[in-house]
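Asker: What follows is the residue order along each chain.
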Amino acid sequence: MLQINTVSITISNISKSYKKVNALTDISFEVKEGELFGLIGPDGAGKTTLFRILTTLLFADQGDATVAGYDVVKDYKQIRNSVGYMPGKFSLYQDMTVKENLNFFATIFGTTIEENYELIRDIYVQIEPFKKRRAGKLSGGMKQKLALCCALIHKPKVLFLDEPTTGVDPVSRKEFWEMLKRLQQKGITILVSTPYMDEAALCDRIAFIQEGKILEIDTPQAIVKHYPKPLYNVKANNMYALIQGLKAYEHHYSVYPFGEFVHYTDKRTDFDSSDLNAFLESQGLKDITIEPTAPTIEDTFMELAK
Amino acid sequence: MKTIGYIIQKEFRQIFRNKAMLPIIFIMPLFQLIILSNAATFDVKNIKFSYIDHDHSAMSRALIEKFNTSSYFNVITDFPSAALANSAMLSGEVDVILEIPQHFERDLAKDKYAPLGITINAIDGAAAGIENVYISQIIQGFNRNIRPELMQQGQASNLMKSINTIPLFWYNETLNYKTFMVPGILVLLVTMITLFLSGMNIVREKEIGTLEQINVTPIKKSQFIIGKLFPFWVIGLALLSVGLIIAKLIFDVPMLGSLVLMYGYTSVYILVILGIGLFISNFTDTQQQAMFISWFFIVIFILMSGLFTPIESMPKWAQTITDFNPIKYFVQVMRMVMLKGSSLTDIMPQLLKTLAFAVIMNGLAVWSYRKTS
Numbered sequence: 000m001l002q003i004n005t006v007s008i009t010i011s012n013i014s015k016s017y018k019k020v021n022a023l024t025d026i027s028f029e030v031k032e033g034e035l036f037g038l039i040g041p042d043g044a045g046k047t048t049l050f051r052i053l054t055t056l057l058f059a060d061q062g063d064a065t066v067a068g069y070d071v072v073k074d075y076k077q078i079r080n081s082v083g084y085m086p087g088k089f090s091l092y093q094d095m096t097v098k099e100n101l102n103f104f105a106t107i108f109g110t111t112i113e114e115n116y117e118l119i120r121d122i123y124v125q126i127e128p129f130k131k132r133r134a135g136k137l138s139g140g141m142k143q144k145l146a147l148c149c150a151l152i153h154k155p156k157v158l159f160l161d162e163p164t165t166g167v168d169p170v171s172r173k174e175f176w177e178m179l180k181r182l183q184q185k186g187i188t189i190l191v192s193t194p195y196m197d198e199a200a201l202c203d204r205i206a207f208i209q210e211g212k213i214l215e216i217d218t219p220q221a222i223v224k225h226y227p228k229p230l231y232n233v234k235a236n237n238m239y240a241l242i243q244g245l246k247a248y249e250h251h252y253s254v255y256p257f258g259e260f261v262h263y264t265d266k267r268t269d270f271d272s273s274d275l276n277a278f279l280e281s282q283g284l285k286d287i288t289i290e291p292t293a294p295t296i297e298d299t300f301m302e303l304a305k
Numbered sequence: 000m001k002t003i004g005y006i007i008q009k010e011f012r013q014i015f016r017n018k019a020m021l022p023i024i025f026i027m028p029l030f031q032l033i034i035l036s037n038a039a040t041f042d043v044k045n046i047k048f049s050y051i052d053h054d055h056s057a058m059s060r061a062l063i064e065k066f067n068t069s070s071y072f073n074v075i076t077d078f079p080s081a082a083l084a085n086s087a088m089l090s091g092e093v094d095v096i097l098e099i100p101q102h103f104e105r106d107l108a109k110d111k112y113a114p115l116g117i118t119i120n121a122i123d124g125a126a127a128g129i130e131n132v133y134i135s136q137i138i139q140g141f142n143r144n145i146r147p148e149l150m151q152q153g154q155a156s157n158l159m160k161s162i163n164t165i166p167l168f169w170y171n172e173t174l175n176y177k178t179f180m181v182p183g184i185l186v187l188l189v190t191m192i193t194l195f196l197s198g199m200n201i202v203r204e205k206e207i208g209t210l211e212q213i214n215v216t217p218i219k220k221s222q223f224i225i226g227k228l229f230p231f232w233v234i235g236l237a238l239l240s241v242g243l244i245i246a247k248l249i250f251d252v253p254m255l256g257s258l259v260l261m262y263g264y265t266s267v268y269i270l271v272i273l274g275i276g277l278f279i280s281n282f283t284d285t286q287q288q289a290m291f292i293s294w295f296f297i298v299i300f301i302l303m304s305g306l307f308t309p310i311e312s313m314p315k316w317a318q319t320i321t322d323f324n325p326i327k328y329f330v331q332v333m334r335m336v337m338l339k340g341s342s343l344t345d346i347m348p349q350l351l352k353t354l355a356f357a358v359i360m361n362g363l364a365v366w367s368y369r370k371t372s
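Chains P and V are the protein sequences, given in the same order. The first sequence begins at 0 in numbering that gives the first Met the number 0 and counts up by one. The second sequence begins at 0 in numbering that gives the first Met the number 0 and counts up by one.
For lysine-lysine, the following DSS-like pairs were computed, each having C-alpha atoms within a straight-line distance of at most 27 Å:
1. Lys130/P - Lys205/V
2. Lys76/P - Lys31/P
3. Lys205/V - Lys88/P
4. Lys220/V - Lys76/P
5. Lys1/V - Lys131/P
6. Lys154/P - Lys1/V
7. Lys18/V - Lys130/P
8. Lys73/P - Lys220/V
9. Lys18/V - Lys131/P
10. Lys76/P - Lys1/V
11. Lys224/P - Lys246/P
Source of the hints: derived by calculation from the structure; they are not laboratory data.
Construct all of the structure, not just a fragment, from the sequences and the given hints.
Answerer: Printed below as a string of structure tokens:
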């Protein structure tokens, strides 16, 4: 029974501070049921604090939040039955085998592996050959899959994933996101945090978070439209000299290295690429190309975080 | 119930899988029991005895011979002067100096009175006290022996009737220190191992992050705690069993009382220790912190348990503190039941207090355990 567009998580005016540090300041947003929602921000932005509040591990100083229709303070017992949480740090029993870990979590949720096998089958078949291996001896990607299985074993309505792909190789990361997409198809609401901008594009909607504040919430497609200026790819024979040169250019607004290019924006509205080209040549750079490009999520975040 | 069962199963699995843990739990304490029980004796033996004989009489030689025949004293040497003897004491070569004055024999014969100088190295106060008792006993014995000799020379009317005491040591007739120490050291081992294990166990889950994972599950506080602590309760009783077997086989400690009573009391006692362990782990974040705090309590508990120093000789305020020391009651009960064959009614006061501690400590521990930070 998949209900479209009902709200799964509401967060209104949540604030939390640790002594003098404000971890979260007046955060409000909603996540729809069945949505894959990304929380994008650098380390220390407050992502984990928000997760801990939503999973009833931490009390907010101010504000209310509901998960799957339950209040995080009053109905914490129901929430614990209906959410799955995968903390950022691998936190399963390293000295127990894959099968034992899964059995353990199934038992304390009052269920069995068989009962909800359908939900985890896609993921579990990948680690099943190693089910007798101790969790501590698994590779990083395998550990993530096991942790995801353990978080899913009780068929949660909402899944919280705190930086699930940090420290995981690119292939496993890609696989992991494919798994998330499949889980979403099964109607599970997923709130995932990540510091990787390329993963943000895979979410239905994303929220930029920095220093405990939400900067922007929108779909990945729409969020790049918030980028205020025309953006240019600049390339030359010497990357380091190019960045130094662009920063020396008096009209520069922002200069960020981006792969083999440098993403450049100009202060003026009537930017003339030939003028910049001439300036860079005067700096001794060769093979210069300047061409307009579409902003990415990373560009947008850098601009908003400025 | 099924959940608790599974947690217990999981704990045991983890304990037995930890290769370093099993020897720590079972082998180490047994080594300690064997070594400590043999070494921790209050007997003072091989006292390094020296003398300065200014008299060189038959009487003075007889006195020195008395010390020579005693098994407690090693007669090291004689010194010609007090100065030499004192410097030997300073360098630690001798523990006791007996100084026999000139005319010792003559004065005894004439005045029935002669002073003797005894110097004892009291760096170790307890040993010095015991040495003093030994020396006094030997001199008194010597005194009794020479009295008739002296009296024969005339003054028969002065013959005094001396009072002679013959002590009977009940419950440990030969004053065998091992009989006395083994039950006490067994108590320490059971306490230390269960406190350290339980204190560090939940903290360990905090450290590796699994506690957070468990806290978001619908598991009940009581289920989790019982599941966590039950294995250590079992280990504590297993440790007691192995210790009792060793006490019987190696030390031949008498076991007059009922084993059921011993196990019954111990099972209540371990609950107290587990409560303390859980309480500690609730207030610490790392195993290291938990270890140090456990040590702090263990050291105080042990030194104030009456195992090494009698509680009766402590100052009043310290005696009051020992009333809150569970180890004290455990030591008392083990000694009473093993050596004296005490019954349930005899140990009832200790049992009730221990029971009260168990309820209070576990109540505090469960109350302070939070699934939410």
